[in-house]
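Chemist: Taking the hints into account, I'd like the entire structure generated from these sequences.
Quick mapping for you: the protein sequence lines, in order, are chains A and B.
Counting in our numbering, the first sequence runs from 2 upward without gaps.
Counting in our numbering, the second sequence runs from 2 upward without gaps.
A portion of the hints provided could be inaccurate.
Given that identical chains are not distinguished, each listed pair holds provided it fits within a single copy or across any two copies.
Here are the computed lysine-lysine pairs in the BS3-like style, where the Cα-Cα straight-line distance is at most 30 Å [said to hold, decoys possible]: (1) K36 <-> K295; (2) K80 <-> K233; (3) K167 <-> K210; (4) K236 <-> K337; (5) K271 <-> K209; (6) K167 <-> K184; (7) K260 <-> K271; (8) K184 <-> K210; (9) K337 <-> K116; (10) K142 <-> K116; (11) K236 <-> K179; (12) K295 <-> K243; (13) K271 <-> K336.
If you are wondering where the hints come from, they were derived from the structure by calculation, not from laboratory data.
There are 2 protein chains.
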Amino acid sequence: VKKATLKQIAEKLDISVSTVSRALSNKEGVGNSLKKEIIREAKKIGYVFKIDEKNENSANIFGVIVPNIQNPFFLNFLKGIESVLFHRNYRFIMCNTDEDVNKEKIYLKWLQENKVLGIIAAPAFARDGSNNLSIYREIRKNIPIVLYDREFHECDEFDSVCTDNKTAICEAVEYLYKMGHRKIGILLSKRGNFCIEERLNGFLLTTKKLRMEVDENWIVDDLYPSFDITGKFDKFFSSTEKPTAVISTTHSISCNFLKNIRNKGLDVPKDISLIGYTDVIESDIFDPPLTTIKQPILEIGHIAATTTLARIDDQYYEPSKVVLKTQLVERNSVKKINI
Amino acid sequence: VKKATLKQIAEKLDISVSTVSRALSNKEGVGNSLKKEIIREAKKIGYVFKIDEKNENSANIFGVIVPNIQNPFFLNFLKGIESVLFHRNYRFIMCNTDEDVNKEKIYLKWLQENKVLGIIAAPAFARDGSNNLSIYREIRKNIPIVLYDREFHECDEFDSVCTDNKTAICEAVEYLYKMGHRKIGILLSKRGNFCIEERLNGFLLTTKKLRMEVDENWIVDDLYPSFDITGKFDKFFSSTEKPTAVISTTHSISCNFLKNIRNKGLDVPKDISLIGYTDVIESDIFDPPLTTIKQPILEIGHIAATTTLARIDDQYYEPSKVVLKTQLVERNSVKKINI
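Modeler: Here's what the structure looks like:
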């Protein structure tokens, strides 16, 4: 059936069967415009696209690139991935990069050499924003890749499932404004990371739009890894003018901030209000119950897995870009200020 | 070198090289006492034991059987596993069984067929205690298996890394006794599970030793899965005589109990005291800060991984049984009662 189909396309475009085959199996030697024409024609007659056959050696294994396995985000995310893959008899290798571009490189190389069926990845970023984009691009020639949580700023060729980070922070700033806050800070983890830069952008845009002044001391960055950040908070609290509220950009920063506040004998929200990022089962029983930005984490896992499966079936679809909404969950960590 | 070594052993024991080879590669047809003699002799001359050569096809992949990926225990556990395996260029497949014996069977079969290098597993148990022991035993003939967190009651042939569940609960009961409590309850997840049965045993033994009466309504079981347990707590609180303190046996039960208490307008520890199981970064910022039984989770991961590597190098060691101590972390969820 397949050969007949290739011949059909070849005859229609008046080219050789081997050229059609080269184009459809993503090999070198076919010009881009001819390749596009071949793909268009192939889709028209219902040709079923398959990733390179050699991938059938990989025993139905996927690679999942996780930037920090100790982040509770991954409890629900991995459950979402696993529940989709398990029922289709697929398995996955868990690759934990610790947000380290070099460690990620080793994992990517392994996944490539071992010809996994697909890769589901939240890429690592160095502090200066550098990353493994070129390696991802190289691998993508033979192995479908779907990005989740983060993308590469420089390109839009990858399938991706992200949340709307900018709007998430925008809504948080507007909520604080509505509650009477005019001096707001933000607690950032590792700069360079796609999400964190988007969240900072959302913060800067919205505070500017609402004509709120932002002291540079109120933007605390590089709170990663989280085990040595106490000194950074000290600096924050020793600044002469303090914000009345802060937005945290990761769950672990929220936890550390709450502990630090208590050790200083201060109180949330009496002395300073806090909005956390990532809603977890525990947020509700914190002291105080934490107002948070909730991400649909299980859905991110589901969609990332199903998108990868769809991409294996057809590598020539337009990139699928899914952006999910976050939700501000109001609890008791933000004080109302009368203006 | 290897053949020479086999010949050496054969000559020493006056048997054929093929018998030695069969015995050392774990094949049928060599009697147990002769096999032991061959192994003893092999060790004496420094023969390096290797698992069946066909395993070399598995591209250095391990299988990690996780009973419930949504339990925060696995954030640190997987980190512990990954950090040991990564540096030796090993990868692992994450298998999530949802505490389902049938789902585990499918994963085990896949790991066996795909000849992984080793399996690190917390086995699933049905409510009646039934499990996949026979499959584990079958697989172990060719693939090293290390159990963590749980063992099989029926046997002691597997390497294992567990915590001392009985002593953990014993210390919690004694602490509550010291704080003046004489009526203590326990919140159990799924019965049949090795850990949960051990924890219940510790509870029954220690309350008996201290001559405390235990009403059967104070032992609440089957709190798994945790999303539909509110009704069970209702029953607990509607009983005529209530305990003054409870011990929870999982993190998710602790969270649900605290939420439920608050919805009823009750307070921990004023109305009832609580000791949680598993210490997490959040325990400290709960309302109230939760007194917990802390497990050395990262270490369990490290030891499970290194034990598996050691077992690959030598399948004839005596089973390695590591039992780690837990630690009672005292915070503010237990009230002192004056007697």
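Chemist: Just pull the numbers of the violated hints for me, sorted ascending.
Modeler: When the structure is compared with the hints, numbers 1 and 9 turn out to be violated.
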